[in-house]
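Student: In the order they appear, the protein sequences are chains D and G.
Read in full-length UniProt numbering, the first sequence has 304 at position 304, and its numbers run on one by one without any break.
Read in full-length UniProt numbering, the second sequence has 40 at position 40, and its numbers run on one by one without any break.
Read the hints as simulated data drawn from the structure, not as lab findings.
Some hints could be false.
[Claimed, not checked] Keeping only pairs whose Cα atoms sit at most 25 Å apart, straight-line, the calculated SDA-like set for lysine to any residue is:
no., chain 1, residue 1, chain 2, residue 2
1, D, K158, G, R199
2, D, K158, D, G197
3, D, K158, D, S87
4, G, K314, D, S108
5, D, K37, D, V288
6, D, K89, G, F323
7, D, K89, G, N278
8, G, K314, D, S87
9, G, K314, D, K158
10, G, K314, D, S119
11, D, K89, G, D387
12, G, K314, D, H4
13, D, K89, G, E17
14, G, K314, D, V288
[Claimed, not checked] Per the computed footprint, the stretches of chain D lying under chain G, defined by three or more beta-carbons under 8 Å from a beta-carbon of chain G, are:
no., region
15, 105-119
16, 127-133
17, 187-200
Given the structure is predicted, the values throughout are model-derived calculations rather than measurements.
Each residue gets a CB set at the ideal place from its N, CA and C atoms; glycine is no exception.
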Amino acid sequence: MIRHLLSAADLSRSDATLLLDTTEEMLRLTEGRSVKKLPTLRGRTVVNLFFEDSTRTRTSFELAAKRLSADVINFSAKGSSVSKGESLKDTALTLAAMGADGVVVRHSASGAPYRLASSGWIDARVLNAGDGTHEHPTQALLDAFTMRRHLGDLDGRKIVIVGDVLHGRVARSNVILLNTLGARVTLVAPPTLLPLGVENWPCDVSYHLDPVLPDADAVMMLRVQRERMNAAFFPSAREYSRRYGLDARRFGLLSDEAIVLHPGPMNRGMEITADVADSERSVIVEQVSNGVCVRMAALYLMLAGADETADDVHEGAA
Amino acid sequence: MSPQTVLVKGARVLGGEPADLLLRDGVIAELGQSIDAGDARVVQADGLVALPGLVDLHTHLREPGREDAETVDTGTRAAALGGFTAVHAMANTDPVADTAGVVEQVWRLGREAGHADVRPVGAVTVGLAGERLAELGAMADSAANVRVFSDDGRCVDDAILMRRALEYVKAFDGVVAQHAQEPRLTEGAQMNEGELSGRLGLRGWPSVAEEAIIARDVLLAAHVGSRLHICHLSTRGSAEIVRLAKARGLPVTAEVTPHHLLLTEELVATYDARYKVNPPLRTADDVAAVREGLADGTIDIVATDHAPHPVEDKECEWDAAAFGMLGLETALSVVQHTMVDTGLLSWSDVADRMSFAPARIGRCDAGTAAQGRPLAVGEPANITLVDPSVSRTVDPWQSASLSRNSPYEGMKLPGQVVATFLRGRPTVEDGALT
Ligand SMILES: [Zn+2]
Chain D
1 MIRHLLSAAD LSRSDATLLL DTTEEMLRLT EGRSVKKLPT LRGRTVVNLF
51 FEDSTRTRTS FELAAKRLSA DVINFSAKGS SVSKGESLKD TALTLAAMGA
101 DGVVVRHSAS GAPYRLASSG WIDARVLNAG DGTHEHPTQA LLDAFTMRRH
151 LGDLDGRKIV IVGDVLHGRV ARSNVILLNT LGARVTLVAP PTLLPLGVEN
201 WPCDVSYHLD PVLPDADAVM MLRVQRERMN AAFFPSAREY SRRYGLDARR
251 FGLLSDEAIV LHPGPMNRGM EITADVADSE RSVIVEQVSN GVCVRMAALY
301 LMLAGADETA DDVHEGAA
Chain G
1 MSPQTVLVKG ARVLGGEPAD LLLRDGVIAE LGQSIDAGDA RVVQADGLVA
51 LPGLVDLHTH LREPGREDAE TVDTGTRAAA LGGFTAVHAM ANTDPVADTA
101 GVVEQVWRLG REAGHADVRP VGAVTVGLAG ERLAELGAMA DSAANVRVFS
151 DDGRCVDDAI LMRRALEYVK AFDGVVAQHA QEPRLTEGAQ MNEGELSGRL
201 GLRGWPSVAE EAIIARDVLL AAHVGSRLHI CHLSTRGSAE IVRLAKARGL
251 PVTAEVTPHH LLLTEELVAT YDARYKVNPP LRTADDVAAV REGLADGTID
301 IVATDHAPHP VEDKECEWDA AAFGMLGLET ALSVVQHTMV DTGLLSWSDV
351 ADRMSFAPAR IGRCDAGTAA QGRPLAVGEP ANITLVDPSV SRTVDPWQSA
401 SLSRNSPYEG MKLPGQVVAT FLRGRPTVED GALT
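Here chain G stands alone, though its shape is the one from the complex (with noise of 0.2 Å):
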């Protein structure tokens, strides 16, 4: 045997009832009750749910251009401790990934790293510019296979350009995954507008600024009849907006961000702008409105929109500091503890919201470096092993990333991933990097 056969033992499969599972040459070669460990490596498992590897749609991974924020290989260190297997990249770096060249140093980055598989996203627009389409086609064609366009950070708030881009990408069956942010709106706006920001001075985020844009993305993208994905849906009228598209069977797809599922704008009257985020934390009835979208399936899927910045970026001013937040660490905590201790999403809905259907809506869930399969017989040795039983008190100084802006520092958070295997060979182990 292969020194890379390692026996997972007695590991509650999508949270069900325990089972083995042979790994061997970067495959599920055995799955089922007490399987013989041969020559193979033991883990053992027992209370540990078995999760496919998680795949993040929305990573900020800073590398080109922000080294000293994050790089491809700290980024995807902290992906791998928080369970993912696959990250997407995205397109907002110094030099913007808007082309073939930029989009296969960051694949070909993220493949020398060996943490998790990178999946450069596009940019949609020349540098973010909004003005013009980048070379959508060579990205895709390139050896970084884009799937996924987004100018996030910014908006593709030109409604004709919108048009555009969702149109050209159905030739190779590409997604543009929207940052819905009217900027007319929003310009210089500070957090959620609502009786908190009149009272905090706060130049204010109205969550009509998001609506507005999914809604008319809906209907464009119904017109043309394209795939479209929003990103950080974050209030009550988009959950209803994109709730009314699926009933139309329209192909749109959202996404929530740990954040959004746990913390409030309350938290911005410290003025500590670790709290400070693009869309903002909104209201606990938003909240309560995403969870109840993710749990019936109107929202698709979790991803966490991991914004590392350096700590002088953020320990001042509320105006002058960045907007985002660290997420890959702590996302399946914070899924666990709002979404199945709640009792509204199982570890098998966890599985389908953070691994199967981000891969097929990246369309990375097929091919050689195939993501978000099922743990069956024959499929890539993708999978996560998470002990939902222990809590621990998130430490951001303590993580993989080289940023420290974690909003979630001295939380007492539900899980712990235990291990994380990329085909079959292990990134984590004993909760440790190896």
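This is chain D alone, in the form it adopts within the complex (with noise of 0.2 Å):
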């Protein structure tokens, strides 16, 4: 297994793979049981580095590693910003004294986790928990567990992710890791919202949603901002929301099958209309709970067989 999950690329299809497959297993560990907790991960401990605020992600981190036993420090760092605040080698020298064994990073600044591991500042494993606009590997891990336990296999599945590509980073990561499971992706957005040189992505790009939406599988909703109209990516919130929103009648023009996804935290109204967040076929909430689970899988994954002295993991969780 990887050492460290910066990038949705430092994923196989085999190391992917066996992140989804045990996500299922903890899936069926954890449900309909009345001790949520694995023993697995007894004695290590997971730092949670937020130097962004992201109640959702860190609280998804923090369930996953308590419910493998782990010990959960919360070192949050909001407010020592990157112009300011105390530095990031500071911050992970401490984190060594305190003998972090896994660090999850979520960062403003593209690039911090990747510092973070290759620094040589620390030893611990270092989990990408979202940094600036490049990548956030765990969402697309659980979008991908999400889309597989309603589509099955993804091979060669048809995946449309709309909206705000340039200045997110669930795209970036979704867009690698479903083209490593071997679906196919269809970006869609305004081509202002869309990075330089995206047409050599592992991808399709249409400007356009109508056509591409009969023949989706899934489609994913990414937030806009409606801030990014006053830096004239687009005229106004009322024309992207007629040009790329998803509302009722483009949700007619889905398959049957076709599933919902929205990473949150979302702009109803703006990407995506009320009744459809809410429709029977929008995986939304499923996608939040999903979460925890590849969270633990990943956190098991490259901590539990992080060196022989873990005597523990053997009555772990798989």
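Dock chain one against chain two, each of which comes alone in its own frame, and use the hints as you go.
Tutor: In structure tokens, the structure reads:
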């Protein structure tokens, strides 16, 4: 298994499949039981290092680590922002002194987890919980897991991802991972919200949503900030919704089996209407619960086998 | 004979045949074969190439204001070790070099340190704020004798202000050195914009932001008949615009940095901020284009853009890190590696690109402290002796600079400056400061 999870590109197809299979196992082991804790990571310390506020992601990682019986330290470095605060290096040295085995890092600067993992400041395994406009690999894993539960093997499946690819990190990780798993991804966005060179990504690109919907097995709507219109990325929220929002009419273009995803938090009325978000083919709530299991799987696979001294690994989950 | 008399024996002058040079009273007193040493101290220079002392048109010495990163003294020590006898100190200090007082202070610090001539660059606008002209004439008339004006670090993006600056400096034969960066196109920019920036999630610095300003300024300079100098040209498109301007006979000059001759944007994928620089490292195609441009004379000179930063400003997240790299001590090696060893430039061309031409652009090629002069009898004895046959592994911790932010750390580069003479006085001998 990989040492750090910094990018979805770190995962080979077999790594990714193992992660998704392990997630399945985690789901089975924690579902419908009164005791939802597994002893797998007892004695291990997982630090949630959040330089950027994200209650959703932090809570998800925290719950995942606790269900595996790890000691969890929440290290909120928010406020010590990039420009003024305690340096990444000092924080890393502090965490090393605390004996962190795994560091889950969220940062507004792209590449910060990569620096943490490669600088030699700390020996721990590093999990990227979202860095700047770069990547969010566990989000991509939970999205893929959710799709797999509904669609089966993703090989050859058609996935449409709609919205702000430029400023987001979810689309990047999703394109990489879904491609690794054999799915065919189409990104849909106005040209202003696509990064330069996107034509060389392993996916198709469309500026129009309607034509790609009938063939889609899954549609993922990405959050689009209304304020982007002030920087001329699109003329108005209304025009954006009209051209790229998933409303009842477009929902009707989808096949009956197609599912709707959103990594949250949603801008209801902007990229997705309330009736679509709450429809029975929306798996948005499920994504959240699957998130915990995916993170359990990642922590388990990366930390439980980390070294030989972990005798209690084998009585663990798998 | 005075104790300063030195006989350099057997140096290949501009890479040509071996000759002896007798340095006396600050000038080249004799040049020829088998010169009698007399009382002169002999410096054996077999196999060494003799170049005119190098002149850097773009150096950040950080003093006043950021003496934790560099001082005039440490920066000029690094310059001497790199074979430079003159550096142009950029104006973006604190306080900004926008008055006669500040430029004279920097000039005087350079004289006191004595490792290389320091030619202060004056700011174009007050406080580099891009709002009103600094007292360019006062700086020109000061003891510092400023001829190069630049808001480097920032672009003079206001077209009318740029036009006025270009016009105004004609009165004292000055030149405006433009840091070409359209500010709106580069807000928050972190690296070259392209497929890689999209993949790494770093805000792009598009080449068009450089090229648009260069194109505009070339046209402005043509319109008002002024000299224009382009700092750190980094893209193929920029080279094409300058080539076109020169074909029209416009008085436009341009520089390229050593790092843009060698390094490409792929290094950014490490998120190691040593590779963060402005303008950013570009693509291999751009590197090929700036090498071609330097070879065919489109790009007139190599200038280091030596930009020291303390460790904490580089050992951090990419977004938070400072822009800039060290360059003085490695410039000649990088030029040898990328231009001489590849057959694109001769040593005589190197003398042109790193000494004659920068001195001409900076108007320091005449007068009592003339730089960038030919190696000929009666000329100032500003000489760099380089051994092109050796190579070395770059270790920034050995640098004379106060900072360590070299992008070449651990790289093996050819060439070693063995000695540097400033008006006949060795500032470097046996590869070490005297
Ligand atoms: Zn500059």
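Student: State for each hint whether it applies.
Tutor: Hints, one by one, checked against the model:
With a C-alpha separation of about 22 Å, the suggested pairing of K158 of chain D with R199 of chain G holds against the 25 Å cut-off. Taking the CA atoms of K158 of chain D and G197 of chain D, the gap is about 22 Å. The hint holds against a cut of 25 Å. A threshold of 25 Å between alpha carbons decides the hint, and for K158 of chain D with S87 of chain D the separation of about 43 Å lies outside it, so the pair is violated. Between the alpha carbons of K314 of chain G and S108 of chain D the distance comes to roughly 17 Å, so the proposed pair stays at or under 25 Å and holds.
A distance of roughly 19 Å separates the Cα atoms of K37 of chain D and V288 of chain D; the hinted pair therefore holds under the 25 Å criterion. Proposed proximity of K89 of chain D and F323 of chain G is supported: the alpha carbons are some 19 Å apart, at most 25 Å. With a C-alpha separation of about 24 Å, the suggested pairing of K89 of chain D with N278 of chain G holds against the 25 Å cut-off. Between K314 of chain G and S87 of chain D the CA atoms are separated by roughly 11 Å; this keeps the pair inside 25 Å, and the hint holds.
The straight-line distance between the Cα atoms of K314 of chain G and K158 of chain D is roughly 43 Å, outside the 25 Å bound, and the hint therefore fails. The hinted pair formed by K314 of chain G and S119 of chain D meets the criterion: a straight-line CA distance of about 12 Å does not exceed 25 Å. The hinted pair formed by K89 of chain D and D387 of chain G fails the criterion: a straight-line CA distance of about 40 Å is larger than 25 Å. Pair hint K314 of chain G plus H4 of chain D holds up; C-alpha atoms about 23 Å apart against a cutoff of 25 Å.
Only pairs whose Cα atoms come within 25 Å are accepted, and K89 of chain D paired with E17 of chain G is rejected, the gap being roughly 54 Å. A C-alpha spacing of about 37 Å is found between K314 of chain G and V288 of chain D, which places the hinted pair above 25 Å, so the restraint is violated. Look at the region 105-119 of chain D against chain G: 10 of its residues bring a Cβ nearer than 8 Å to a Cβ of that chain, three or more, so the hint holds. Three residues within the 8 Å Cβ limit are the bar, and the region 127-133 of chain D against chain G gives 3, so the coverage statement holds.
Remark: the region 187-200 of chain D is confirmed as covered by chain G, as 5 of its residues place a Cβ nearer than 8 Å to a Cβ of that chain, reaching the required three.
Consistency note: the structure conflicts with the earlier hints numbered 3, 9, 11, 13 and 14.
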